[in-house]
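Participant: This is what each chain is made of:
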Amino acid sequence: MTMPGMYVSPEQLMQDRADYARKGISRGRSLAAVEYGGGVALVAENASSTLRKVSEIYDRIAFGGVGRYNEFDQLRIAGVRYAELKGYQYSREDVDARSLANQYAQMLGQIFTHEMKPMEVEIVVAEIDVAGTAELYRIQYDGTVADEQHWCCIGGDSESVIDRLADGWDKELDRDGAVNLAVASLAGSDRTITADELEVAVLAPENGRRCFYRLSDSETESVLAQ
Amino acid sequence: MSSISFFTPGDDPGADFLSLLKHNGLDPFSSDLPGSIDAGHATTVLAVRCDGGVVVAGDRRATAGHLISHRDMQKVFPADDRSAVAIAGAAGPALQMVRVFQLQLEYYEKIEGKPLTLEGKANQLAEMLRGNLPQAMQGLAVVPIFAGYDDTRETGRLFQFDVTGGRYEEQDFATSGSGSLHAGTVIKLGFRSDLTTDDALLLAVKALWHAADEDSATGGPDPIRGIYPVLSAITANGFRQLTDDESGEVFSQFREELSGGE
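For the record, the sequence lines run as chains E and B.
For reference, each letter of the first sequence is one residue, going 1 to 226 in the numbering used here.
For reference, each letter of the second sequence is one residue, going 1 to 262 in the numbering used here.
If you're looking for bench data, these hints aren't it; they were derived computationally from the structure.
All of these numbers come straight from a predicted model, not from anything done at the bench.
Built from N, CA and C at the ideal position, the CB exists for glycine as well.
Possibly wrong hints are sitting among the right ones.
Said to hold, decoys possible - From the structure, some residues in chain B lie toward chain E, with a derived Cβ separation under 10 Å:
1) Phe6
2) Phe7
3) Gly10
4) Phe17
5) Leu21
6) Leu95
7) Val100
8) Glu106
9) Ile224
10) Arg240
11) Leu242
12) Asp244
13) Asp245
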């Protein structure tokens, strides 16, 4: 976009956009993904029980988004379409998280540099293989994509949450342990989060072809009680 | 392969997988074929309502003219975990329709965050049949049965269709294919409104056996190869297809009944 009679250096322009996007993202609450023996748990702080932050993309792929709801939901739908079309044209096994994450990165990068307003979102794409081993991709508002190991966190307070996840994670975790670790890490030491403020889903091979499974509030409650 | 993209509001295909495919130049039912093909609809598939759900079954034979081309063809498919579709008609277009139908139901569920109602699913299938009408006129007709468990009414429901996309809800049972007349008569005589799932499976087996007995294009049980007609049941617990061994069990039960033993 050209603005006559006014010069802004590219550095400044990018800096301003990044600040703008970060500010938007930091207002929202965080989401954590934690790998456990045989799956991945995705846990988000979300007071709404209808507007989802965590959802299913494809057989073995889940999506988590934080920031502006309408923007990451648009990304979710674009991801479902991309995956379904790819699966239709080739085969279901050909749909993978790595290529989806790259597509998201391209799209977010394009919007960040070319559009008036960057997307105020941060997303995670999780995939499990047949054994339940996870691949986690974290994609930022400017298209930066990172391949994370074992856990990752997106959203406002992610740095301190990541520290807590790093302290608490070990490879012997089971599903309930992973959910509890995610919840404790999101909450920190000085507050507790109840089941109705949480959105919890897992990707696990025992759920059949569609590995995505969303825990109800009562299921979450009984997991947290352990 | 198209890359990931956003749509402008007027352009957005919404929760309709078919229009998403068309948008990407992938119309699954395009039909500018020259001439016509006689692909027949040699099959027997059926659905029977029972207490707490519905049973859907079909034979395994595929024919090409007077020859048997496949002995283990699948004609009954789960549409999703609450419903099933059974096909009669030209195999290629029918299988394609089932595939697109399954994808459509799952796609809708993911985009909208909740599944379609059973009635909505039946209407979607009718819409696809209407889209296939030009192909049907050229001899590639598909005549499916759709059945499932309706969670809101807590009962099994079944639907019959015609090639033009006409959708007819049946109360007790539905049959389709070249053996449908024989199968339908057997079910009509054996039907009671209080059939249990097991009773309905046995009735389905009787109907398929009689259809195979009269109709050359319908396959019967094949104990030598261990291939039996597909039997499935949909209840509040979801779709379940019986294994060949379990279907074989129901056939032996029928044989015992025929020979007068218990």
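Participant: Determine for every hint whether it applies to the structure shown.
Facilitator: Okay, the hints, checked on the actual structure:
A distance limit of 10 Å between C-beta atoms decides the matter here; for Phe6/B the minimum to chain E is near 6 Å, and the interface restraint holds. For Phe7/B, the interface hint holds, the least distance from its beta-carbon to any beta-carbon of chain E being 9 Å, beneath 10 Å. Restraint check, Gly10/B versus chain E: the minimum CB separation of about 15 Å is more than 10 Å; hint violated. With a least beta-carbon distance of about 7 Å to chain E, the hint placing Phe17/B at the interface is held under the 10 Å criterion.
Interface hint status for Leu21/B: upheld, as the beta-carbon distance to the closest one in chain E is roughly 7 Å, under 10 Å. The criterion of a C-beta within 10 Å of any C-beta in chain E is not met by Leu95/B, whose closest approach is roughly 14 Å, and the hint is violated. The restraint placing Val100/B at the interface with chain E holds, with a minimum CB-CB distance near 8 Å, inside the 10 Å limit. Taken as an interface hint, Glu106/B checks out: its beta carbon lies about 8 Å from the nearest beta carbon of chain E, inside 10 Å.
Restraint check, Ile224/B versus chain E: the minimum CB separation of about 32 Å is more than 10 Å; hint violated. Annotation: Arg240/B was flagged as interfacial toward chain E, and the flag is violated, the nearest CB pair being 13 Å apart, outside 10 Å. Interface hint at Leu242/B: violated, since its Cβ lies 18 Å from the closest Cβ of chain E, which is beyond the 10 Å cut-off. Checking Asp244/B against chain E: minimum C-beta separation of about 21 Å lies over 10 Å; hint violated.
At a threshold of 10 Å, the smallest CB-CB gap from Asp245/B to chain E is about 21 Å, leaving the interface hint violated.
Figure legend: structure checked against the earlier numbered hints; hints not met, in rising order: 3, 6, 9, 10, 11, 12 and 13.
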